[in-house]
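From first to last, the protein sequence lines are chains H and S.
Residue 49 in UniProt numbering is what sits at position 49 of the first sequence, and the numbering runs on without skipping anything.
Residue 84 in UniProt numbering is what sits at position 84 of the second sequence, and the numbering runs on without skipping anything.
The hints are simulated quantities; they were obtained by calculation from the structure and are not laboratory data.
The structure displayed is predicted, hence computed values, not measured ones.
Note that CB positions come from ideal geometry on N, CA and C, so glycine has one too.
Do not take every clue at face value.
Said to hold, decoys possible - Label pairs and their computed distance ranges (CB to CB):
#1 S/Pro176 / H/Arg66: 37 to 45 Å
#2 H/Ser24 / S/Val232: 53 to 61 Å
#3 H/Gly99 / S/Thr31: 36 to 44 Å
#4 H/Thr44 / S/Glu158: 35 to 43 Å
#5 H/Thr169 / S/Met200: 54 to 62 Å
#6 H/Glu166 / S/Arg61: 27 to 35 Å
Number of protein chains: 2
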Amino acid sequence: MGSRNTRPPRSLVSKTLDVLDAFSPEHPALTLSDISSRSGLPLTTTHRIVKDLTAWGALERNDDGRYHIGLHLWEVAALAPRGLGLREVALPYMEDLYGVTQENVQLAVRENVELVFVERLTGRHAVPVRTRVGGRFALHATGVGLVLLAFAPHDVQEQILASPLESWTEKTIADPEMLRRVLADVRRTGIAVSDRQVTMDAVSVAAPILGADDGVVAALSVVVHADDADPVALAPAVRTAARGISRALGSPSARRRPDSPIPR
Amino acid sequence: MGSRNTRPPRSLVSKTLDVLDAFSPEHPALTLSDISSRSGLPLTTTHRIVKDLTAWGALERNDDGRYHIGLHLWEVAALAPRGLGLREVALPYMEDLYGVTQENVQLAVRENVELVFVERLTGRHAVPVRTRVGGRFALHATGVGLVLLAFAPHDVQEQILASPLESWTEKTIADPEMLRRVLADVRRTGIAVSDRQVTMDAVSVAAPILGADDGVVAALSVVVHADDADPVALAPAVRTAARGISRALGSPSARRRPDSPIPR
């Protein structure tokens with residue numbers, strides 16, 4: 001975490017949130033002193049905050065004395081419209097897509113310059129993917145990421161195009177000009193294909209999900225084995241499911257002409 | 001919410017958590033003054049806390065000025081082992097069960113004297129159920145609830161048996177002595193059947209999920225239309241899926257003799 005001594009003074013509310021932020025997928029269970037060092041707070045302050053968080057149910061204490069995120073925080077967080085709210089609407093359509101493909105079906109939203117996976121259905125024989133529900137990833141590599149980036153505000157696009165673009169495979173698009181052309185294609189076709197751009201054994205095909213104001217609020221993808229991937233054949237299924245979710249979210253354009261291109 | 005003026009003084013940490021608790025499934029989007037009145041906090045305090053919560057991403061502001069639970073809180077809450085953690089392990093087995101039955105498949109954990117639904121898969125033709133992921137329900141009516149209650153600590157059972165038992169249908173078990181006998185049956189057979197005890201059109205069949213110490217950590221059910229329900233036929237499928245999840249969670253007994261009764 002590095003030293004936080006140079007930070008401006010934090011309010012107790014911010015300190016409380018920093019305690020929650022001490023937990024991560026790599027560090028889901030922490031001792032009091034872990035929390036103290038990871039949040040940059042004195043042990044006494046940490047103890048006081050952790051006590052209140054535990055009483056409320058935001059943290060739970062293991063038998064071994066370590067703390068983890070508690071179920072009550074999860075209950076409250078389930079009210080996030082872009083989290084479980086979106087997922088509840090999308091799930092039946094995702095199940096349809098999973099039923100047809102038996103491969104990974106993913107739902108993601110954009111959070112600033114990254115994406116957050118909101119849901120993933122996966123089969124026992126589906127290709128392994130690098131995602132976790134609630135996890136983050138860069139926008140410029142995955143199918144869902146390319147969709148979310150293609151329809152992101154101009155300043156978000158420019159910020160990403162101006163930054164170094166991390167490569168995961170030799171196929172990852174790390175050249176800003178090529179990425180710009182790919183994004184234009186995604187806007188034109190309403191489909192993004194990530195061909196071995198994250199791992200060499202996976203191809204994903206993604207489509208945008210529109211909200212009540214017809215803006216892009218999320219992206220849906222299917223991730224298949226690269227060996228037998230047929231993006232052209234998968235695209236209509238992904239678009240159909242994405243359209244069903246958009247309609248359920250109240251998108252006016254998803255109620256019109258089923259074969260029209262996805263509007264910008 | 002009632003008056004909170006008689007409460008002892010709250011710490012700022014508690015006040016912050018009370019702001020989060022102002023949000024509910026019935027009230028997912030609130031104005032500042034809604035939050036103030038629902039949390040019993042002065043408007044100035046509410047404003048200060050909401051500002052910090054919004055900066056961190058625990059709350060997000062709608063275009064209409066109302067606040068809702070934000071995606072960053074959901075990201076952190078996704079680390080709760082009894083929330084999405086459990087769900088990630090259980091999902092493939094739940095999908096197997098859904099594939100076989102095409103009906104509602106539910107996963108729940110106990111939180112004090114209630115249950116919390118952690119996951120639900122549902123088909124388009126499945127019987128409507130009264131549940132929501134992240135939502136709570138009483139323990140004495142649903143299949144998952146009867147399992148969680150049957151294996152709950154003695155004091156939790158006695159507290160519920162001593163309280164008035166709410167009825168949802170004429171079939172709900174509202175008599176404590178009858179409920180006690182049903183719970184003994186659940187412990188003996190390892191299966192709970194809720195026959196029209198929540199709605200007159202639904203039957204659920206549930207089995208316990210065991211954790212690494214062989215204690216019951218969750219319950220799994222399938223909820224089907226009462227008209228064509230065959231609990232005897234469903235029980236093996238539910239037990240098989242519950243056993244698979246238990247094994248994935250490290251339960252020693254789920255690795256032994258597949259046909260042994262579920263241990264207490």
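**OP:** Confirm or reject the claim that H/Thr44 and S/Glu158 have a C-beta distance inside 35 to 43 Å.
**Re:** 39 Å, holds
**OP:** For H/Glu166 and S/Arg61, compare the CB-CB distance with the range 27 to 35 Å and indicate the outcome.
**Re:** Between H/Glu166 and S/Arg61, where Cβ atoms are some 31 Å apart, the hint holds.
Original post:
Okay, H/Gly99 versus S/Thr31 on CB: inside 36 to 44 Å?
Top reply: Since H/Gly99 and S/Thr31 have Cβ atoms about 42 Å apart, the given range 36 to 44 Å holds.
Original post:
How does the Cβ-Cβ distance of S/Pro176 and H/Arg66 compare with 37 to 45 Å: does it lie in that range?
Top reply: 38 Å, holds
Original post:
Do H/Thr169 and S/Met200 keep their Cβ atoms within the hinted range of 54 to 62 Å?
Top reply: 56 Å, holds
**OP:** Confirm or reject the claim that H/Ser24 and S/Val232 have a C-beta distance inside 53 to 61 Å.
**Re:** About 46 Å separates the Cβ atoms of H/Ser24 and S/Val232, which means 53 to 61 Å is violated.
Checked against the numbered hints above, the structure breaks only hint 2 and satisfies the rest.
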